[in-house]
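Chains as they are written, first to last, in the working numbering: chain X, 1 to 253; chain F, 254 to 508; chain P, 509 to 855.
Just so you know, the hints here were simulated from the structure itself, not pulled from any lab data.
Quick caveat: nothing in here was measured; it's all calculated off a predicted structure.
Just so it is clear, CB atoms sit at the ideal spot from N, CA and C, and this is done for glycine as well.
Heads up, some of the hints might be wrong.
What the hints assert, rightly or not - Far from chain X by the CB rule (all over 10 Å, computed), these chain P residues:
id, residue
1, V561
2, R634
3, G643
4, G689
5, I701
Claimed, not checked - The calculated lysine to any residue pairs, modelled on SDA-like cross-linking and capped at a C-alpha distance of 20 Å, are:
id, chain 1, residue 1, chain 2, residue 2
6, F, K369, X, P146
7, F, K369, X, G218
8, P, K682, X, N104
9, F, K330, X, G218
10, P, K682, X, S100
11, P, K682, X, V83
12, F, K369, X, T227
13, P, K682, X, V103
14, X, K70, P, D608
15, P, K682, X, L106
16, F, K369, X, V83
17, X, K70, X, A56
18, P, K682, X, E92
19, F, K369, X, E225
20, F, K369, X, M220
21, P, K682, X, L84
22, X, K70, P, Q602
23, F, K369, X, V226
24, P, K682, X, W107
25, F, K330, X, A217
26, P, K682, X, A80
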Amino acid sequence: MGAGHAHRLYRHGHSPVHALPPHTKLAAAFAFVVVVVSTPREAVWAFGLYAVLLAAVAYRARVPAGFLLKRLLIEVPFVAFAVLMPFVAEGERVDVLGLSLSVNGLWGAWNVLAKGTLGVAASVLLAATTELRELLLGLQRLRLPPLLVQIASFMIRYGDVITDEMRRMRIARESRGFEARGVRHWGVLAKSAGALFIRSYERGERVHLAMVSRGYAGSMPVIDEVTASRAQWSYALALPCAALVVCLLGWTL
Amino acid sequence: MSTDSIPASLEVSGLAFAYPDGHQALFGVDFAVGRGERVALLGPNGAGKTTLVLHLNGILSGGTGTVTVAGLPVGRKHMAEIRQKVGIVFQDPDDQLFMPTVREDVAFGPAAAGLKGAALQERVRTALEQVGMADFADRPPHHLSFGQRRRVAVATVLAMEPEILVLDEPSSNLDPASRRELADILRALDVTVLMVTHDLPYALELCPRSLILSDGVIAADGPTGDVLSDDALMRAHRLELPFGFDPKSVTTSGR
Amino acid sequence: MHVPDGFIDAPTSAVTGVVAAGAIAVSLRGARRELDERTAPLAGLVAAFIFAVQMLNFPVAAGTSGHLLGGALAAILVGPYTGVLCVSVVLLMQGILFADGGLTALGVNITDMAIVTTVVSYAVFRGLLAVLPRGRRSVTVASFVAALVSVPAAAVAFTLIYAVGGTTDVALGKVATAMIGVHVLIGIGEAAITALTVGAVVAVRPDLVHGARGLRQELKLRVHGELVDAPAAAAPAAARTSRRTLWITGLVTSLVLAGFVSFYASANPDGLEKVAHDHGIDRKTEDHASADSPLADYGVKDVSDARLSGGLAGVIGVGVTVVAGSAIFWAVRRRRTQDVSPTGTEI
Chain X
1 MGAGHAHRLY RHGHSPVHAL PPHTKLAAAF AFVVVVVSTP REAVWAFGLY
51 AVLLAAVAYR ARVPAGFLLK RLLIEVPFVA FAVLMPFVAE GERVDVLGLS
101 LSVNGLWGAW NVLAKGTLGV AASVLLAATT ELRELLLGLQ RLRLPPLLVQ
151 IASFMIRYGD VITDEMRRMR IARESRGFEA RGVRHWGVLA KSAGALFIRS
201 YERGERVHLA MVSRGYAGSM PVIDEVTASR AQWSYALALP CAALVVCLLG
251 WTL
Chain F
254 MSTDSIPASL EVSGLAFAYP DGHQALFGVD FAVGRGERVA LLGPNGAGKT
304 TLVLHLNGIL SGGTGTVTVA GLPVGRKHMA EIRQKVGIVF QDPDDQLFMP
354 TVREDVAFGP AAAGLKGAAL QERVRTALEQ VGMADFADRP PHHLSFGQRR
404 RVAVATVLAM EPEILVLDEP SSNLDPASRR ELADILRALD VTVLMVTHDL
454 PYALELCPRS LILSDGVIAA DGPTGDVLSD DALMRAHRLE LPFGFDPKSV
504 TTSGR
Chain P
509 MHVPDGFIDA PTSAVTGVVA AGAIAVSLRG ARRELDERTA PLAGLVAAFI
559 FAVQMLNFPV AAGTSGHLLG GALAAILVGP YTGVLCVSVV LLMQGILFAD
609 GGLTALGVNI TDMAIVTTVV SYAVFRGLLA VLPRGRRSVT VASFVAALVS
659 VPAAAVAFTL IYAVGGTTDV ALGKVATAMI GVHVLIGIGE AAITALTVGA
709 VVAVRPDLVH GARGLRQELK LRVHGELVDA PAAAAPAAAR TSRRTLWITG
759 LVTSLVLAGF VSFYASANPD GLEKVAHDHG IDRKTEDHAS ADSPLADYGV
809 KDVSDARLSG GLAGVIGVGV TVVAGSAIFW AVRRRRTQDV SPTGTEI
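Excised from the complex, chain X in its bound form (with noise of 0.2 Å):
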């Protein structure tokens, strides 16, 4: 593995996803679910292509099937949501199986189900084939406010410096005999997360400093540029554009 700050999402390989530079990949998905979200919720057929561009993208960028579908499950909540639609919706009902059911919410399950499903394997799509890094390179490419992309490279720089600390303070908590057991021990658990504030709090000023101390003065210094060809953008927003034109025909169908 050449590059260690992988997230768990992310599936290394070398394909022509993999090798887009991200911040066209960002746009791209982007773009996607843009069009997949103003697509009208009757064209049925053009949520079935939109499946079938994704599942096009994922075999270019050498994603199993298996991956994929395994990481949706962190959509499930909202299934359970939809499930119930067709139960409190209003307007013209509909007897199926002896349950009456809305009309309405029928759709709207299905809608949701539908755009949540393609929004969330899109997603997944973009940050199995992204490295961390070069996601957030390419949100500063994409003018996200730098002080925001900063932000966001010190959460992921220390996520794991902080979780580490919170794993020693319940071991060091466990291992003098205590162990959460209900709102009793509520007030143990919220010291250690106020100690962890602190800590957290303190390093940042001790960041802060070591950045002060190599000539800090406010704004980050420019390291990496990532830039795009033009090639590279018609080739990300290849999947998109498709997408835009079976939105329209779904209009106008």
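Following the hints, position chains F and P against chain X.
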């Protein structure tokens, strides 16, 4: 020890400082470190060592006295230059390594000073080679061992080509092998070193000269072997040698 | 609860996106004013803290546990501007890295969970502090109320967004009842944890609590100089404060619970608790707080034992929320359908 012909790397005179809450940490510190010297700054906890270090590149100021780095007074006027000349390696490498990858972290200082492109990459490569970490350039810091992180932290400062390298407890939390590797690296460097430490054998191994900072003043200044062998002096300043360690029995190569 | 894509229609998502962008722009300026060039490292570390503390499990009853959302905590500890930034960054990263919350719904999620919670809780907090007598206990009490209000406030905001751009026309009253009702319950947990955590920080480093800055001056005079004495003086006070906090927390919680639980009797809490209990034990054995990193944590849930840990955790969390809300709706609706059933079958 310091030579008179070239300006000393570091000159501190009459430095006194009190924190805003009234706690006074430094009571008139005087010393000089000549170019190319390796000096250990020893002292018990709470002696004001960290406070002193933070004065060397102007992070703390507002007391009396002066700090001069290679002839430049530390102050608002030359701050950027001073911070480039004084490279501080902090105790916890996790604080020092704040960028997502080793390469970017090492590049941070020189890039902040305006270096770009190939020159920047070259500087980063050289610094990482000096500490033997060139193969780890694209790793995120938190995937390295503690010893490796400490070495990268040294590289981040070396990349700025400092006049003087200030190390805060460089040997803390290192296993014996990493300790030795770091010592080898430091010995091979051609820069002035001021090493703040509790680790007396390490000071003896690396630094021909030692200062003792105690209660906010320099209490002793001399060859490390002599300072460590002076039992009364050591006891007076809460400094203790490890069990069974006799500084007189160690032959130091010096530089 | 992170809103997925397709839940809110495109125009409304766009508008909330603009709102979120505007609020972030204001916060960036505000945070810079408060922290100057320390903004990036400090806000970044606080964001990492919020991210980590969201994974700290607070056991409720055998098997079930809750966790902090963190909006109110961030606002009180680091101020509203930095708080908005931190929570927004956490949401942004969750959306991009973990597909947690839709990309087009980022505006909705940030408006709802980052902006509304922090602003409301901070306003309530400052308002209460102005009224209450100066002292640490007031800070804790104000934190409790602020966090308690912030969660249903977010639910109200969500309901409003839903009213404008919801893709399914569920009667607003129902959405509101379900969302707000359930979130009041969640809010109690959030409030207790937030108050306890703020109390713990105030006891040790009151100077770090943005919302208690007025308090700091007073304390500073008392502990002037003598760094050695300060922790010793603070320690017994801390113990006292937290015990009292526990008492107050317990009292308020039981009062509010008594009110709400009786109201929610129709939701059959016993049955719910049992289900949560059965599944909760499965989840507990996963012990995901011990996973080695936050990034790994999401992964662990999804990869190794996705069905058990990831799926069930989510289903139980949101599922309980939804079931509780919809059960009331069912009870209400059944009564109504009985009234109108004859006409219903004719059509």
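Verification of the hints:
1. V561: violated, 5 Å
2. R634: For R634 of chain P, whose nearest Cβ neighbour in chain X is about 20 Å away, the distance exceeds 10 Å, so it holds.
3. G643: The claim stands: G643 of chain P keeps its Cβ more than 10 Å from every Cβ of chain X (closest is about 18 Å).
4. G689: holds, 14 Å
5. I701: violated, 6 Å
6. F:K369 to X:P146: holds, 19 Å
7. F:K369 to X:G218: holds, 18 Å
8. P:K682 to X:N104: holds, 15 Å
9. F:K330 to X:G218: Roughly 17 Å separates the two Cα atoms, so the pair holds.
10. P:K682 to X:S100: holds, 18 Å
11. P:K682 to X:V83: holds, 16 Å
12. F:K369 to X:T227: It holds: about 16 Å lies between the C-alpha atoms, which stays within 20 Å.
13. P:K682 to X:V103: Roughly 17 Å separates the two Cα atoms, so the pair holds.
14. X:K70 to P:D608: Holds: K70 of chain X and D608 of chain P sit about 14 Å apart, inside 20 Å.
15. P:K682 to X:L106: Cα-Cα ~17 Å, so holds.
16. F:K369 to X:V83: The hint is violated at about 56 Å.
17. X:K70 to X:A56: holds, 18 Å
18. P:K682 to X:E92: holds, 17 Å
19. F:K369 to X:E225: Answer holds: K369 of chain F to E225 of chain X is near 11 Å, not above 20 Å.
20. F:K369 to X:M220: It holds: about 13 Å lies between the C-alpha atoms, which stays within 20 Å.
21. P:K682 to X:L84: OK: K682 of chain P and L84 of chain X at ~12 Å, within 20 Å.
22. X:K70 to P:Q602: holds, 17 Å
23. F:K369 to X:V226: holds, 15 Å
24. P:K682 to X:W107: Cα-Cα ~18 Å, so holds.
25. F:K330 to X:A217: holds, 14 Å
26. P:K682 to X:A80: holds, 17 Å
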